[in-house]
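J.: Sequence:
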Amino acid sequence: MSRISLLVNLFGLCLGLSVAVLAQAQTQTQTQIQTQAPSNLPIGKQLKVHGLMWDAHEVTVGQVKRYAQSTGFVSRAEKEGGGFIYEAGFVLKKGWTWRAPFGVPAQDNEPAVHLTFDEAQKICQHDGKRLPRDTEWVNAAFVEQRSPAPDGFISGKRYRYPNGDSARQSHCLEGCTSLKGTAPTGSLWRGTGHVPVMTTLPGVNGLFDMGGNVWEWVDTGSGDERITRGASWWYDASRQVADDVATKPRDTRVGYVGFRCVTKAL
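If you use the numbering used here, the sequence shown corresponds to residues 45 to 310, in order.
One or more hints might be untrue.
What the hints assert, rightly or not - Computed list of lysine to aspartate or glutamate pairs in DMTMM-like fashion (alpha-carbon distance at most 25 Å, straight line):
1. 292 to 178
2. 166 to 180
3. 308 to 209
Unchecked claim - Restraint ranges, calculated between C-beta atoms of paired labels, are given here:
4. 120 to 267: 34 to 40 Å
5. 136 to 190: 26 to 32 Å
6. 269 to 210: 45 to 51 Å
7. 269 to 89: 29 to 35 Å
8. 116 to 201: 29 to 35 Å
9. 170 to 92: 18 to 24 Å
10. 190 to 229: 25 to 31 Å
If you are wondering where the hints come from, they were derived from the structure by calculation, not from laboratory data. Quick reminder that beta carbons are idealized off the backbone N, C-alpha and C, glycines included.
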């Protein structure tokens, strides 16, 4: 073997090893992010923040299933052929509902989407809860109330993002984790869909996904418009800040708007 051939082979071997090491590191990082969330926190857990009991995570498909079984609830998306997704304009997706947010049956621990503001409010009310108001949501998402606060947070501090000083631990289009959402490959024009609740690390006040994953309905707005907060997997991290006040018609049913409920603390 010539000296040139030997050098070429050695270069190829080194390059291959470098790629393998980088791929392994990326996989380890992603696995770490996915498993750092407390595994002992049950679905439906509430946390006390600012005198209210907050759902620790977005309302799940499994929780809406139980509501539907109890009440006979059929969503507007189910009645009218599906929900919407944005693809350079809103497109009706046949069969896309809270049960199948991307056209295939969802896991019970995925956030429930394709639900209107009024449907979300009724689901909360069925359990003696309600949707939060905008000021309540903003305070819970950005102002740390735990005292003493756990490592990584400072009691009384107002953070830029619901996850803290950065959005890196949230799930969004850019500027967040590298997690892949649950949407089947090729089903979306943009992004990879949401991840199951409590996949990412908890943020300010111990709440999950107040930034990213899916927008959340709040009970504030003018006329038929209602505010949604926190941005979603469809947007980059810049949309998660408190100054980003997005409104939508209350009958909106899309694949990246969900909700969480609150109740008065005892």
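J.: Given the hinted pair residue 292 and residue 178, is their Cα-Cα distance within 25 Å?
T.: holds (14 Å)
J.: Between residue 190 and residue 229, does the C-beta distance stay in 25 to 31 Å?
T.: Violated, since residue 190 and residue 229 (Cβ atoms, about 39 Å apart) do not stay within the stated range.
J.: Are the Cα atoms of residue 308 and residue 209 separated by 25 Å or less?
T.: Not satisfied, since the Cα-Cα distance of roughly 29 Å exceeds 25 Å.
J.: Has the hinted range 26 to 32 Å been met by the Cβ atoms of residue 136 and residue 190?
T.: violated (43 Å)
J.: Using the Cβ atoms, figure out if residue 120 sits within 34 to 40 Å of residue 267.
T.: For residue 120 and residue 267 the Cβ distance comes to about 19 Å; the hint is violated.
J.: For the pair supplied as a hint, residue 166 and residue 180, is the alpha-carbon distance within the 25 Å limit?
T.: Holds - the C-alpha atoms of residue 180 and residue 166 are around 19 Å apart, at most 25 Å.
J.: Can the suggested window of 45 to 51 Å be confirmed for the beta-carbon pair residue 269 and residue 210?
T.: Given a distance of about 30 Å, which is not inside 45 to 51 Å, the answer is violated.
J.: Given the range 18 to 24 Å, decide if the beta-carbon distance of residue 170 to residue 92 lies inside it.
T.: holds (22 Å)
J.: Can you tell me whether the CB distance of residue 116 to residue 201 sits inside 29 to 35 Å?
T.: The hint (29 to 35 Å, Cβ to Cβ) is violated, given that residue 116 and residue 201 are roughly 46 Å apart.
J.: Take a look at whether the Cβ-Cβ distance between residue 269 and residue 89 falls inside 29 to 35 Å.
T.: Roughly 31 Å apart at Cβ, these two residues keep to the hinted range, so it holds.
Of the numbered hints given earlier, the model fails hints 3, 4, 5, 6, 8, 10; all others are met.
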